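Chemist: As you go down the protein sequences, you meet chains A and B in turn.
Take 1 as the starting number for the first sequence in the numbering used here and just add one per residue.
Take 542 as the starting number for the second sequence in the numbering used here and just add one per residue.
Just so you know, these hints were derived from the structure itself, not from any lab.
Among these hints, one or two may not hold up.
Said to hold, decoys possible - In silico DSS-like cross-links for lysine-lysine, where the CA-CA straight-line distance does not exceed 30 angstroms:
id, chain 1, residue 1, chain 2, residue 2
1, B, K830, B, K622
2, B, K622, A, K142
3, A, K143, B, K622
4, A, K142, B, K660
Keep in mind the model is a prediction, meaning the values are calculated, not measured.
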Amino acid sequence: MNRSRRPRILKSVQSRITAVLTVVLLMVLIVNIFIFRESRVMVQRINDVFASNATIIQLSDTLETAQSSLYGYLSTKSSASLEDFYRYEQELRARTDTLNDRVVDNDILMLEKNIRVMTDSYLNTSENAIQARRGRDVEEYKKDYAQASALFGYINSYIYILNSSRFRQNSENYQELLEVIETLEQTCMILIFAVSALALFFASLLVRAMISPLGALARAAYRVADGDFSVEVAVSQREDEVGVVTNAFHRMLNSIRAYISSQRSSMEKEAQMKENELAMEAHLKEAQLKFLQAQINPHFLFNSLNAGAQLAMMEGADRTEVFLSRMADFFRYNVKKTGGDASLREELDSVDNYIYILNVRFSGDIHYEKEVDGEIDIDSIRMPSMILQPIVENAVQHGIHDDQESGVITLSAEFVEPDENEAGLSCVRVTVSDNGTGMTGDQIRAIMQRPEAAKDTAAAEQDPGGSDESRDSNSTGVALANVISRLELYYGKENLFSIWSDGPMCGTEVSVLLPLEREDTAAEQGDDTAEILLTEDEEEL
Amino acid sequence: MKRLLFLMAAVLSMAGIILAGIYVYYQNRAQELGFDNAASKEYGRHYVFVSSDSSKMMQDIFDDIYQACDSTGAYLEWCGKGTQRRYTAAECIDMAIAMGADGIILYPDGSSTLEASIKQAQDEGTPVVTILRDLSDSVRVSYVGVSNYQMGEQYGGWLLSLMNNGTSRVCLLQDSGDSENEIQLLFTQTVQAVRNGSSDDEKMELVTRSVDSTVDFDAEEVIRDILLDENRPDILICRNSVQTECAIQALVDYNLVGKVHVIGYYLTDTILAALRQDLIPVTMMIDTKALGQDCAQALDEYLDMERTSNYYNIRLDSITPVTMGRFAEADRPADKGEDAA
Chain A
1 MNRSRRPRIL
11 KSVQSRITAV
21 LTVVLLMVLI
31 VNIFIFRESR
41 VMVQRINDVF
51 ASNATIIQLS
61 DTLETAQSSL
71 YGYLSTKSSA
81 SLEDFYRYEQ
91 ELRARTDTLN
101 DRVVDNDILM
111 LEKNIRVMTD
121 SYLNTSENAI
131 QARRGRDVEE
141 YKKDYAQASA
151 LFGYINSYIY
161 ILNSSRFRQN
171 SENYQELLEV
181 IETLEQTCMI
191 LIFAVSALAL
201 FFASLLVRAM
211 ISPLGALARA
221 AYRVADGDFS
231 VEVAVSQRED
241 EVGVVTNAFH
251 RMLNSIRAYI
261 SSQRSSMEKE
271 AQMKENELAM
281 EAHLKEAQLK
291 FLQAQINPHF
301 LFNSLNAGAQ
311 LAMMEGADRT
321 EVFLSRMADF
331 FRYNVKKTGG
341 DASLREELDS
351 VDNYIYILNV
361 RFSGDIHYEK
371 EVDGEIDIDS
381 IRMPSMILQP
391 IVENAVQHGI
401 HDDQESGVIT
411 LSAEFVEPDE
421 NEAGLSCVRV
431 TVSDNGTGMT
441 GDQIRAIMQR
451 PEAAKDTAAA
461 EQDPGGSDES
471 RDSNSTGVAL
481 ANVISRLELY
491 YGKENLFSIW
501 SDGPMCGTEV
511 SVLLPLERED
521 TAAEQGDDTA
531 EILLTEDEEE
541 L
Chain B
542 MKRLLFLMAA
552 VLSMAGIILA
562 GIYVYYQNRA
572 QELGFDNAAS
582 KEYGRHYVFV
592 SSDSSKMMQD
602 IFDDIYQACD
612 STGAYLEWCG
622 KGTQRRYTAA
632 ECIDMAIAMG
642 ADGIILYPDG
652 SSTLEASIKQ
662 AQDEGTPVVT
672 ILRDLSDSVR
682 VSYVGVSNYQ
692 MGEQYGGWLL
702 SLMNNGTSRV
712 CLLQDSGDSE
722 NEIQLLFTQT
732 VQAVRNGSSD
742 DEKMELVTRS
752 VDSTVDFDAE
762 EVIRDILLDE
772 NRPDILICRN
782 SVQTECAIQA
792 LVDYNLVGKV
802 HVIGYYLTDT
812 ILAALRQDLI
822 PVTMMIDTKA
832 LGQDCAQALD
842 EYLDMERTSN
852 YYNIRLDSIT
862 PVTMGRFAEA
872 DRPADKGEDA
882 A
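In isolation and in its complexed conformation, chain A is listed as follows (with noise of 0.2 angstroms):
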């Protein structure tokens, strides 16, 4: 209520500032007025000193030259001398006009008093002479004028006396006059400083209060900057620029906690809706593998499998129970070696498997052929499971899939002497040819290059807990750079597998050299994975 009552130009630090100073002129601003004013008043005292005595003599002056007029009058008869005396007579009696004329207990005064009293006196003896020396009465102008010239000599003693007086009345009034004026002086000194020091007190103490809530807002922005938003800030009551970078300060604050305080609720939000969405990822695929587990169970697909084969051989039905066996064989190899190494008979029945189901399904349409030679030890020849099916799958799918009653797939395992081969090692070579629609060269590339990324894939399937993403839908799984790949970690060698057309419609011939001499590291790597996996699979059934 008051504060709105104060006037708007007194709000600001500025105008504060400037009626502090304004203040502060002023009272020395009349502090030396008073000075100046006290200091002409006593030059005036000093000066009515001297006017005193002046006037006196002024007087003693013009009654001198009266008396020489009179006295010139008297001899000469002079019209000049007389009207000298009259000019002085009037000037005279203006000068004791202005003297005192009353009977009181001042000795100056009544000297004044007796001064004009006996100048009327004089004037009067003065002007009976110039009476009588016009009517030449000569004994009588002669009697006038020893009158008037003892009257003359009486006012100039009393004169004299005045003088004197007032001179040593005012010589003593200077003397005090100095000592008052030195006095004044000394105490309008003191005054100065101390107003002045009074002021800049006062000045100190006012810019010091005006500005003091900047340095303790200066520290709050310093802990602010530190990084402690915990600093308050009260909010000023005052209304200068202070005041409101004060308050301006107060709202940023409390801005900052709002918005920090939103960001952190925010964030937790996101934390917790990452948190939950990462869980119901979780449980998603957690319900995803429960579902292909249920759905898949290769176990428990190839026991059917096998409990089907018996069914049928229970009711006769030879072909359908080679068929079942035969499947449940597959399905059991795939099983069982997916990650592991296995012989390469296992390998060869598991091609001769997979192309006798092909067959039932389409009708013996698929031509294959087998020619293993009959030295090689096949039952203790080991090598990456899952390696030849894969290859004889992709010339059934893409080398003899448009053709294929004409189309006809090779398979022959042959001794390889380490100089007849890249590796320069001795190996059995598999080789998988068809006839079918051939590769060019950038599709060989292609398939060649693949290996380095299809490492991870294949270290993945060795891990029976690994991603499926790799695999194809139509496919038993696994891609030929998955089978390069495989082939190198287990033997430590490269260049084992090939990829030989020429061309579109020439056919393709995939060659594997399986080293008879293998990496001890591949070796055991392969062999514990494998047995692990048996392990668990076993323990699983």
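Given chain A's structure and the hints, the job is docking chain B onto it.
Modeler: Below, chain B without anything else, positioned relative to chain A:
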């Protein structure tokens, strides 16, 4: 902030009060300096005191007359005092007439023209009262002083007490202002008093010596001559305070204490000290207060009623070392007269 502003306002007010105080102080000091000759009292009458004698005794007399006049509404001014030249009583009367005085109190200086001046004053309407020295032949309206008969009786008594067997030489100092008639009367009355009280063995040889008070330092010269003369007196009778002080100093200077008895006149510090030290046996003391009151009364009565008593007698006391205590206690302030003047 508000407290600070309040404090500042308080200090500013204090500074203003101090400034006002300083202003008032210096204004008062300026007033006290006396540039403004303000009178505190106005009088209805203006009396003029005429005396060429400016001794301490006369100063005391003036002071007492001044006080008496002041109490009756009249201002008393010592005419001619402070002037470069020493004016005669006649000139002072002329001055008093010229300045329009209402009355004159005159201590005659013995000049022969005084009667004319008194007459002129009387003609101008200015009454004259004489003190201590009477001008019975003049037209003065009144005389206030000691009667010569009373004074002669007093001197005679003291001479009798101081005279030795045989012939005692007594010197009566006469001031140039004293009229011959007055001195003759005093002389006669003193001799008569001695004669009446002395034995056959006691003889007195009374002489008078004149001191010209118009000549500076004459009193000291005359008294020294008297005391260093082969026929120096056994008793010296002084007629004013100056003569008394000169005689006391000569007694001390020339080792005449006990050899010459000085009958003093009036009571000053020097005379009082001499009494204490038994340098002199006695001093005569007039009642100046009564003198002052009688003077004021005489003039006022005349101016009011155009008549007054022709003669006001003033008591004369003898102060001895035994009785001086009473007078010493009642001794007037030394600066009273100066203040009044």
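Chemist: Are the hints correct? Go through all of them and say.
Modeler: Results for each hint:
For the hint linking K830 (chain B) to K622 (chain B), the alpha-carbon distance of about 22 angstroms falls within 30 angstroms, and the restraint holds. The straight-line distance between the Cα atoms of K622 (chain B) and K142 (chain A) is roughly 29 angstroms, inside the 30 angstroms bound, and the hint therefore holds. At roughly 26 angstroms between alpha-carbon atoms, K143 (chain A) and K622 (chain B) fall within 30 angstroms of each other, so this suggested pair holds. Our distance criterion of 30 angstroms between C-alpha atoms is met by K142 (chain A) and K660 (chain B), whose separation comes to about 21 angstroms.
The structure is consistent with each of the numbered hints, conforming to all of them.
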